[in-house]
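Asker: Each chain, letter by letter, is given below.
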Amino acid sequence: MYAKLVFKNARRSVKEYLVYLVTMTICVTLFYSFVSISSKYYQPDIGTEYHFRILGDGMKYAICAVTLILLFLISYVNRYMLQSRKKEFALQAIMGMEQTTIGRLFLAETFVMGMIAIVLGVILGMFGSQFITAMVLSTYDRNYRLMWMLFPDTLLLTVGFFVLCFIVVGLWNLRIIRKIKIIDMLSADRENEPPLKKSRQIPMTIILFEILTVWMLVSGIEKKYFYFDPRLPFPVHIMFWSNILFPAVTLLWSVIWILKNKRKQTAGKSANTQKEDGVCRSGKTTRETLLFGLLLCALLHTLSAAVVPPMQNKYYLSMGTGTVNQYMVFVLGNLLFVICAVIYLANTVLVAWKERSPEHRYRNQNLFFYGQITTKLATTNKTMTLICATLVMAIFLLMAAPVLIGWANGFLEVRSKYDVQISTMYNNVYEEKDLPNGNYEFVTDYLEQNGIETAYDLTFSLYLPKREDFRRRVKYEFPAVAISLHDYNSIREMLGYEAISLEENEFTTQWQAIATADEREEFLKTHGEIQTDMGSLTLAENSCYTEAVGETLYNRYTDVLLVLPDSVCEGLLAVMRDRYIMTADRISYEQALLLEELFTSVYPENADSGAGYYIRMRTLQVNGTKAEMFVLQAVMLYGAVVLMVICFTVLSLQQLLDSAHYRYRFAVLRKLGVEEKDIRRLVFKQLGVWFGLPVIVAVCVAAIIIVYFTQSVSVQITAYIGFDTLFSQMLLTGVILVLLLVSYFVSTWILFKGAVGEG
Amino acid sequence: MGTILELEQIQKYYGTKGNIVKAIDDISFTVEEGEFLGIMGASGSGKTTLLNCISTIDTVSAGHIYLYGQQSGEKTGRKADGQTNDSTRRIDITQMKAKMLARFRRENLGFVFQDYNLLDTLTIAENIALALAINKVPAGEVEGRVDEMCKKLNIDDILQKYPYQVSGGQKQRCACARALINHPKLLLADEPTGALDSHSAQMLLATMQSINGQLGATILMVTHDAFSASYASRILFLKDGAVFTELHKGDDDRGVFFHKILNVLAMIGGGESHVCEAGV
Numbered sequence: 001m002y003a004k005l006v007f008k009n010a011r012r013s014v015k016e017y018l019v020y021l022v023t024m025t026i027c028v029t030l031f032y033s034f035v036s037i038s039s040k041y042y043q044p045d046i047g048t049e050y051h052f053r054i055l056g057d058g059m060k061y062a063i064c065a066v067t068l069i070l071l072f073l074i075s076y077v078n079r080y081m082l083q084s085r086k087k088e089f090a091l092q093a094i095m096g097m098e099q100t101t102i103g104r105l106f107l108a109e110t111f112v113m114g115m116i117a118i119v120l121g122v123i124l125g126m127f128g129s130q131f132i133t134a135m136v137l138s139t140y141d142r143n144y145r146l147m148w149m150l151f152p153d154t155l156l157l158t159v160g161f162f163v164l165c166f167i168v169v170g171l172w173n174l175r176i177i178r179k180i181k182i183i184d185m186l187s188a189d190r191e192n193e194p195p196l197k198k199s200r201q202i203p204m205t206i207i208l209f210e211i212l213t214v215w216m217l218v219s220g221i222e223k224k225y226f227y228f229d230p231r232l233p234f235p236v237h238i239m240f241w242s243n244i245l246f247p248a249v250t251l252l253w254s255v256i257w258i259l260k261n262k263r264k265q266t267a268g269k270s271a272n273t274q275k276e277d278g279v280c281r282s283g284k285t286t287r288e289t290l291l292f293g294l295l296l297c298a299l300l301h302t303l304s305a306a307v308v309p310p311m312q313n314k315y316y317l318s319m320g321t322g323t324v325n326q327y328m329v330f331v332l333g334n335l336l337f338v339i340c341a342v343i344y345l346a347n348t349v350l351v352a353w354k355e356r357s358p359e360h361r362y363r364n365q366n367l368f369f370y371g372q373i374t375t376k377l378a379t380t381n382k383t384m385t386l387i388c389a390t391l392v393m394a395i396f397l398l399m400a401a402p403v404l405i406g407w408a409n410g411f412l413e414v415r416s417k418y419d420v421q422i423s424t425m426y427n428n429v430y431e432e433k434d435l436p437n438g439n440y441e442f443v444t445d446y447l448e449q450n451g452i453e454t455a456y457d458l459t460f461s462l463y464l465p466k467r468e469d470f471r472r473r474v475k476y477e478f479p480a481v482a483i484s485l486h487d488y489n490s491i492r493e494m495l496g497y498e499a500i501s502l503e504e505n506e507f508t509t510q511w512q513a514i515a516t517a518d519e520r521e522e523f524l525k526t527h528g529e530i531q532t533d534m535g536s537l538t539l540a541e542n543s544c545y546t547e548a549v550g551e552t553l554y555n556r557y558t559d560v561l562l563v564l565p566d567s568v569c570e571g572l573l574a575v576m577r578d579r580y581i582m583t584a585d586r587i588s589y590e591q592a593l594l595l596e597e598l599f600t601s602v603y604p605e606n607a608d609s610g611a612g613y614y615i616r617m618r619t620l621q622v623n624g625t626k627a628e629m630f631v632l633q634a635v636m637l638y639g640a641v642v643l644m645v646i647c648f649t650v651l652s653l654q655q656l657l658d659s660a661h662y663r664y665r666f667a668v669l670r671k672l673g674v675e676e677k678d679i680r681r682l683v684f685k686q687l688g689v690w691f692g693l694p695v696i697v698a699v700c701v702a703a704i705i706i707v708y709f710t711q712s713v714s715v716q717i718t719a720y721i722g723f724d725t726l727f728s729q730m731l732l733t734g735v736i737l738v739l740l741l742v743s744y745f746v747s748t749w750i751l752f753k754g755a756v757g758e759g
Numbered sequence: 001m002g003t004i005l006e007l008e009q010i011q012k013y014y015g016t017k018g019n020i021v022k023a024i025d026d027i028s029f030t031v032e033e034g035e036f037l038g039i040m041g042a043s044g045s046g047k048t049t050l051l052n053c054i055s056t057i058d059t060v061s062a063g064h065i066y067l068y069g070q071q072s073g074e075k076t077g078r079k080a081d082g083q084t085n086d087s088t089r090r091i092d093i094t095q096m097k098a099k100m101l102a103r104f105r106r107e108n109l110g111f112v113f114q115d116y117n118l119l120d121t122l123t124i125a126e127n128i129a130l131a132l133a134i135n136k137v138p139a140g141e142v143e144g145r146v147d148e149m150c151k152k153l154n155i156d157d158i159l160q161k162y163p164y165q166v167s168g169g170q171k172q173r174c175a176c177a178r179a180l181i182n183h184p185k186l187l188l189a190d191e192p193t194g195a196l197d198s199h200s201a202q203m204l205l206a207t208m209q210s211i212n213g214q215l216g217a218t219i220l221m222v223t224h225d226a227f228s229a230s231y232a233s234r235i236l237f238l239k240d241g242a243v244f245t246e247l248h249k250g251d252d253d254r255g256v257f258f259h260k261i262l263n264v265l266a267m268i269g270g271g272e273s274h275v276c277e278a279g280v
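Line order of the protein sequences matches chains A and B.
Here our numbering is used: the first residue of the first sequence is 1, the next is one more, and so on.
Here our numbering is used: the first residue of the second sequence is 1, the next is one more, and so on.
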């Protein structure tokens, strides 16, 4: 009998469960698709030089961490379902059903719905995992092939996880239903909106913002005192001054407001003529005036703080990473305040607009519409702010993922130019006799034993142009090292570049990708001629080569390598001894691991001589980096989508939870003779504003952050990623956002129309 | 004075074949312009169903309801003395298309309900102005008309307050103001004093009487309270879905009329339980 009731209820209330179903299905889909690649049955063809397990394990932990947020969502959605069914439960209780039984029935009902969501989610998840596979294969430069992925272990994990969630949340609901009084359930839909009590949120936010402003002012003055130089170009002057003046103006504005407000209050007290509500309203208006001013100031702050990193990049200001990070905190803090203020003031602007224009106010049902929006906004200010901030984070995660991944990818290409790369460092060597030398013959033996043929093999030295530079160990004064023309050309040949030539008394330069054009020009301008122990050399006509030749060719803290004639190098001090090998076939993962072990046993990390010996192998590097990159990318994507789902679910349920109020209000409208089509339009407009406001604010703020971010890492973007990738990611972000928005908007709209419908 | 509303053999059934309940069983009556008509009866006698049918919220199973006046859609500038225009037309609201009903309602009828039906998101003034805005009254006229109406109903000092800040009586007067602001042909009141204390009820009824007398509004009030009903000029008593009897106030004073009502109620079987304790 009860089982029948459960299924009947579930079938009847499928519509009521729409948001629940949509949310749970999206959660299951995401979970299944991402976890599927950690399945032991998942073996994509990524080649023997790659090892997939590193990726799988990392992925499992990462996904589990993000999934914890889902628990919050499941409990939130369940709370909504409970709230919307309370009246029905009360009736059942009055008819004599025990509250425990009611609770169990509800548990069974949500469980049935949950199971439907799991089935739907797993089916969608199998499609979703195609997308993840495409991501994996593109990470490992393989072509995409369709893989059918219904893995028993993933399925078990997914079902297990969600069933556990449902049971935990369900038992919690059962407890609530058992404890609640019937009378409270009966009047659940007649509860009033939370009373409009004086919220402390805005005063607290203002105080925090003032503290941030003081911090900005102090650090602005401090930076100007320590780093300012009148010879710096004009834009830098503006930057320094704006970071002092804007915070100062903000504080001044606050002080003026406080003084004015105080005077008004004393005047009001002495005159004692104003009505009570008059005072109240004027108090509120003046606070909003303060907030308007502060909002403008916060935007100016954001601008002035955001220009610091690009200025530093452009004009080589020596303020250091600490300052850049500090200004990043300022930008984020200010933007958070902007979100909070905009949401709060949106209400004020709406009210002001309504007050100012009677034409608009008294047109059709506008009065009703504004009433709906302003009441809801006034009571949900904090939630809206949180939703906005979360959305900003989600958008940023989506946008930043390709930048970070591309960065790592580009870096990987630069780093792993050779199959085996042995490099050395002399930073801790203080005696010339301890400098690295030798030819690493044991590596040759190992390769021969394992039948690995070499296509290119070069052992070479890097020299200091002047012997006295050996003692220069200050970070910013590290000397650039030099390579002989013959060795340089051998490396170029290895990498498939054309050989270069030099006259007897000439030299040229080779640059890291990270060095900017300005840096290169600056160096070449000042180094037309260099002094070496073998006499002076002049810069060749072809003075600059920028092909990627690997990171280990450069000295520490330098981006330039000098290429000198062979005869000159013979007389110089060799400080580093490197060996680059290109094999005919790729070294397998296991062979690479063994070679690495062998190398570290011969050259332990902390040798007595102080010389550092390092081995890098393409196989290991690519494996490690690609797995890390993939996990990072997947987690950012997964996290972003989960955050968006959370935002939209909360937005949607915020409206649906109040449907009892809305049903009453729309019923009044109907009685007043408003036509159905107008009511439908009103509902659409109301939901449009409700979903639109946070999304628009979030998109604007995220745009500011993304511009700031791309400005700060513009060097890396142009070097490794390219703006095209960034734009395509922007498109992808937009598509995901719009898809989720539309699916939630439509489900909410359908449910809402049902809730306020006739009868 | 002309007829403003005419009901012709109205029937309303509920339920399906074999299990039919007759809520209204062949009721016919007319309402004169400027009249204050009360409808009384015990619970289940069909009074609210009747009101719902007149107000087009519900549909009749058989019969016709005619409203006299200008064609729907034309603005009726009703005169204060309650005279109808010469070009009087009869509209059968039972034949009206669903699409037209909302418009008909907002242009011809005003409602006052037991539970006020005010919007808690709007101030008292805005609640009243909303009815004008929905009727597409030019924005420039709205505030003046709201002020004027509120002065008449003595609620001009609470215009900027929200419904939850004022008393039940004030809320109901606001509901009256909202119902009257569009000069409806007919004001329909369903137990308007049901949620009020005796003092507020008395004040509201006095207000309604003055609306009827001074503004010439035609009022149709459903109540089961004899005291409230005594403010009407004529009372229809319903029993089991049919008109049981009719009572005219004529030249009687309210006390006499009240006792007559009680007598009828006793006859119907409602007994003295319908007597409002407030007395007359």
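Simulated from the structure, these hints should not be mistaken for lab results.
Every residue, glycine too, gets a C-beta built ideally from N, C-alpha and C.
Warning: the hint list may mix true and false statements.
[What the hints assert, rightly or not] Simulated crosslink set (DSBU-like; lysine-lysine; CA at most 30 Å straight-line): (1) B/Lys97 with A/Lys685; (2) B/Lys136 with A/Lys671; (3) A/Lys260 with B/Lys97; (4) A/Lys314 with A/Lys264.
[Said to hold, decoys possible] Among the chain B residues that face chain A by a calculated CB cut under 8 Å, a handful are: (5) Glu6; (6) Ala102; (7) Leu130; (8) Val142.
Asker: Taking the earlier hints as the rules, which of them does this structure contradict?
Answerer: Result: hints 3, 4, 5 break, sorted rising.
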